[in-house]
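Number of protein chains: 6
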Amino acid sequence: MFYTDNKLQFPVRVDSPDPLFARALQQAIGGVEGEIRVAMQYFFQACGARGDARFRDLLMNTAAEELGHIEMLATAVALNLEGAPLALQEEGARDKAVEAVMGGMNLKNLLSAGMSAMPVDSDGVPFNMSHIYASGNIAADMTANIAAESTGRILAVRLYNMTPDAGMKEMLSYLIARDTMHQNQWMAALEELGGAQGVFPIPNSFPQEQENQDFSYAYLGFQADGSAPAPGRWSEGPSVDGKGTFVTQPMGALGEQPDLGPAKPNSGAQVEQM
Amino acid sequence: MFYTDNKLQFPVRVDSPDPLFARALQQAIGGVEGEIRVAMQYFFQACGARGDARFRDLLMNTAAEELGHIEMLATAVALNLEGAPLALQEEGARDKAVEAVMGGMNLKNLLSAGMSAMPVDSDGVPFNMSHIYASGNIAADMTANIAAESTGRILAVRLYNMTPDAGMKEMLSYLIARDTMHQNQWMAALEELGGAQGVFPIPNSFPQEQENQDFSYAYLGFQADGSAPAPGRWSEGPSVDGKGTFVTQPMGALGEQPDLGPAKPNSGAQVEQM
Amino acid sequence: MFYTDNKLQFPVRVDSPDPLFARALQQAIGGVEGEIRVAMQYFFQACGARGDARFRDLLMNTAAEELGHIEMLATAVALNLEGAPLALQEEGARDKAVEAVMGGMNLKNLLSAGMSAMPVDSDGVPFNMSHIYASGNIAADMTANIAAESTGRILAVRLYNMTPDAGMKEMLSYLIARDTMHQNQWMAALEELGGAQGVFPIPNSFPQEQENQDFSYAYLGFQADGSAPAPGRWSEGPSVDGKGTFVTQPMGALGEQPDLGPAKPNSGAQVEQM
Amino acid sequence: MFYTDNKLQFPVRVDSPDPLFARALQQAIGGVEGEIRVAMQYFFQACGARGDARFRDLLMNTAAEELGHIEMLATAVALNLEGAPLALQEEGARDKAVEAVMGGMNLKNLLSAGMSAMPVDSDGVPFNMSHIYASGNIAADMTANIAAESTGRILAVRLYNMTPDAGMKEMLSYLIARDTMHQNQWMAALEELGGAQGVFPIPNSFPQEQENQDFSYAYLGFQADGSAPAPGRWSEGPSVDGKGTFVTQPMGALGEQPDLGPAKPNSGAQVEQM
Amino acid sequence: MFYTDNKLQFPVRVDSPDPLFARALQQAIGGVEGEIRVAMQYFFQACGARGDARFRDLLMNTAAEELGHIEMLATAVALNLEGAPLALQEEGARDKAVEAVMGGMNLKNLLSAGMSAMPVDSDGVPFNMSHIYASGNIAADMTANIAAESTGRILAVRLYNMTPDAGMKEMLSYLIARDTMHQNQWMAALEELGGAQGVFPIPNSFPQEQENQDFSYAYLGFQADGSAPAPGRWSEGPSVDGKGTFVTQPMGALGEQPDLGPAKPNSGAQVEQM
Amino acid sequence: MFYTDNKLQFPVRVDSPDPLFARALQQAIGGVEGEIRVAMQYFFQACGARGDARFRDLLMNTAAEELGHIEMLATAVALNLEGAPLALQEEGARDKAVEAVMGGMNLKNLLSAGMSAMPVDSDGVPFNMSHIYASGNIAADMTANIAAESTGRILAVRLYNMTPDAGMKEMLSYLIARDTMHQNQWMAALEELGGAQGVFPIPNSFPQEQENQDFSYAYLGFQADGSAPAPGRWSEGPSVDGKGTFVTQPMGALGEQPDLGPAKPNSGAQVEQM
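Residue numbers (the UniProt record's numbering), protein chains in the order written: chain C, 1 to 274; chain G, 1 to 274; chain Z, 1 to 274; chain P, 1 to 274; chain V, 1 to 274; chain H, 1 to 274.
Since the hints were made in silico from the structure, they are not lab data.
Hints are supplied without guarantee of correctness; some may be wrong.
A pair holds if it fits inside one copy or across any two, identical chains being indistinguishable in the list.
[To be verified] Each computed DSS-like pair below joins lysine-lysine, with the alpha-carbon atoms no more than 30 Å apart:
no.: 1; residue 1: 7; residue 2: 169
no.: 2; residue 1: 243; residue 2: 169
no.: 3; residue 1: 96; residue 2: 7
no.: 4; residue 1: 243; residue 2: 96
no.: 5; residue 1: 7; residue 2: 264
no.: 6; residue 1: 264; residue 2: 243
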């Protein structure tokens, strides 16, 4: 259950509004690296959490934080749209400078939202909830969260580097710090679950003797000339999960050309296929 | 550039076709945990790889492997659809058993594809390429890949547990082993990049003194009553990236209630908003 | 900014778990009539609210409520999946009853989420954030909210009528009551804004003398034989907004067949089009 | 069944073509507030109409009108693209002005459609038919239609305010007038159905004694500090549906922290969750 | 501009309603092979038609026909849902037969549409307007239309073969005949445009001397072992467009391994990539 | 099964990077006319091919080619982004020229991908796999492929005409030639299958006596005034499939106004509908 106080988690200030930066900020709201993603991902992971109740708590607590981040960014988008043109011709002759500004805007921020934020990315593509990964496996969820916070922090850094606005840099500096924490937080959760050797391969509940162990730690080469692909930590030495040893080998087809047989009558195929 | 030999990477055998299992297998093709996702993700990460060329090689080599997995699964779907009914009434009176089988099928496998596989998930939802994460940051890409292979292996395990078919279990046993390898492979790549303390926080190219360091390693509480959220590895002790120390503190609003001011004339708002 | 207490807003009890009802409940989470829709819609409307600050408060307060509804429903989905089969063959011979149950499930609840809820509808289609209507016009937003709560209550009623489970009926009885309130609440907000005659036509800030007033209150007929369409309150008498009088008239083409002229050279058309 | 005369419902004239305005007009075709939405919504509502046959007639008649509006707007888009550049370099050196114009265009209008309209919004996002609300409840459909025409008229007004083109203003003046009529028309339909007190709560076929009447007319507060949210018409006095009295009360959790129990063996969870 | 007479283009009769067949019919409405696709595709092609005005007429005339087909199918869906269960337990104990029927239904037909049709496919996935191909090249549009009517007729045939219902077979027999006509109609249009040798390669306005003519009629082999792919009409003899001669040759990489160079500072990459 | 050599199929050179052209090239990767479409379409058609094995070979061989085209284009996008600005203010005062360039970019190429290609179109809309047409009917698949290569070549021609860059023109000249070949290749495959008279109507396995032959070769007129639509090859003479003769006739409603009867109790309708 959620409560609000109608205030912002952290101050949002825009010194010099920029409609193009408003468009860029939309990525942090509705992009696949954005805050809706993490808020909803932690929320649904919490709702499906089984086992140690601390993980439900950890996830729901952080979901509440991320909801506040969406609110901050939505406010920042609206403030950056202050002063943006509403008309191609503000006065007199057609104004090419106005067209240039409008051309770079996300027009839906004006046309659909009246100079407010929307749950879309920087190209106006709406966020799709299929990006909420909640697997029912707590360790897999943590890996998804580390990945989410990694791309999230990269995005925030790119936005920070893009804008010359001191107010925006201050807000982003907070969000970047939170992404630092959240990357660490989910890695810490993996440590609680046993660290790499306890956790992997995910799921750790499947008996590895049931997998085809000839291929569990083999770096297979798919080079057309049969040569070995580039070596690295992944091609020899102990596996990271501590349960095997990396080997390298070229791979060729172990199966045959598949034959599905003729098409069934009445199946809508051509007669030549039957 | 890619080449083919028209053969299957690993044998695909279905002893007892089952249209419902065909539907389940579709998740491994076109689900967000499926093989299209990883094939295309590694492909696009390779195409955008900058820096050490071994990573491009590693990614493109594995992309080639995953393309072969899609082919195997598509073959398995078609073979599981062998014998599935094409009509609600195969003969004589309306056949309730036939209806039950068809009711559990993904009807598009029949109606759109003529008893073949499609790039859709187990509910017939087409795969959407927004699930291809390729960030331009090699470490973030590796975290996304670990997450992808984690959910991928969970899915393969669930499919393995679902089917009683020996042929399908053999195929899945191979795919599960490959997911084991790939989880390890991407973790090994992170080790090449410096391990947790060298890699994190991602991106490691952003000077941490520019983030708001009061919040970089603080586990903030968003409990309505101000109480502390559940403690864990994430709430005290050194941070996993080795660059800070976890602390816990309740969080309250640092910002005020936002005020966007009145709506602009001609912006399509109500007069009461101006 | 949001806070949580990790508890449920209202008790959720399932007396007799039913995986098919779990699938139906998904519509109330991730369907276009579902709770994600209203939670996020009110949230974004609040973030973009300009003018009387009470509306921001009203919207954000109700957004907090709806977030709790998602949590309740997600819990209900997981509880209804208790006891659902994980395998086509639980023991011995292939079990047709098990297949029937699995055939009616949303397989992603198992395959993707490990028997938990997802932000998808009853057919497994993920929620798309384009359904968040936040127009920047407070009155239009209220009409969207009345519509949302109308379809929302219909859905809850259908679910109530579908299930024989007393626990689920109790939960839905609460949600239906809340939809009753919310329908009234948003209508009340329209009254605050001036009622039908003050609010409509939306936006009320556009001078009606600039619209083509020959057509502002005319019920036009598009019947192929030029006959009048069926009459009603909409075809004569004063208009509901109090600013005109309904008339009825058949409509014919006022424009000509459009002619876009020849295609431009180098535009990728056939030479016959140039 | 539909017929056509290949002419335009209302004249479409563009005095001064503007590719950026072509992009803006796309929102009125394929945006969620656009004409495809209303045309298809009224069409599907008509197809599913049960009860008083006049509503089917009303809906299908208006669907025919809206189809003509799409045609008008598609023509307007093509005419606004007249003269738009096809090449980054029309002649000689790279032309920055040309790049600015092309940068503001929806490139798909050129690349995919050869300077014609598409069923996409102003950012090139294709219209998705999930936005067609047809609930099987005639009153809910009317509320959805009022909402649709409200956002539709706001969009048309914003486009009218955006363009300095007299031809476009004339076309939009017609469309705005039609939106005025349609807002009134659907409100009139609600009056036919009994007005607010006869229609609400929707659906009016559900016995209100089966809803949890403690919460039917209560404005619940979700403020973190337990304070009352901002009062208004919605917080006291008779409810708008005439069936209750508004009260205000703070809300706290009535349910407990949910416990889904341990994960089932073979469900793909980690062993720590079982 | 469009007109209607509120009648059905062809009679729609369902002798024995079947909710599962209602679900199958949805594919013919909202599937990618369905009637919304062709109606809207011909409509948008007409709106963007340049050159010989007969093509606009041909396209818009057929668009009108297809709109009537959607209406027929939507009626057929609703009639097939007659008698479908609204509750998991119609009376007394939980009814497994009812669950089986509901499990095979598209639940949204009940939950969202109250036993009516929706613009979705047989798995409940909404139609997406990106499937409307209107290229601005009249010949390419004709090829897209032949393809559309080919998959459309296959779907109608599969539905015809699926149902034992005489009324439905009669309706589908009409739709199949229309698909026969439309396949022929669009091929006839290609003949008007010059037949294969006049039309292809599309667009015929691009001077072929500007394409890399070493590769214009070469069937390239991408077999891993350098062997020739299977021969056919496509590997030798005159090309179908009459402008070249097919040859076969194995293909190897003509380019090098791409090198994007190091990542730019401030681009959000890892320091190791710079 | 697939192999790679990590090299490019054809050289990719950009003489003068242009971020706006990078955006345009994205259409050739992730647009509905793009290379992901054809690569995956041929791949899935191959996986579902039944009958003459040469078609599986033909399709999979060409799929391998197209995968290499995606790689070429992705490289071209990254090279065109060389030198694109990362910040609104590279130095000193806010730079309007920089804003103009960034305004015309696809911001996700920077924000999500760090100056690399993505599987999205020129407006940033991700590719959706529903565009993969693989019908299980080999002839229908060939028509879809002709259509795909027609729109593909149009797009490549438009890109060729758009860019002044010699390197890009050389790459596109290769791709245009390949599209020429592929159009011919799929037409040749139709000839192998019997040519127009052997192949059509698709599917040729459905006995035409079961279709309603009154309508199989009739060009029906849907003109509101009952006039004949524009004549052409499609309105008289032998049908293209050689199995009938075209006739023209005006069409009127053969069915009645549909009546779905009253809504069922408990179906969520209004009482007025029952």
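Hint numbers not upheld by this structure, sorted from lowest to highest:
Result: hints 3, 4 break, sorted rising.
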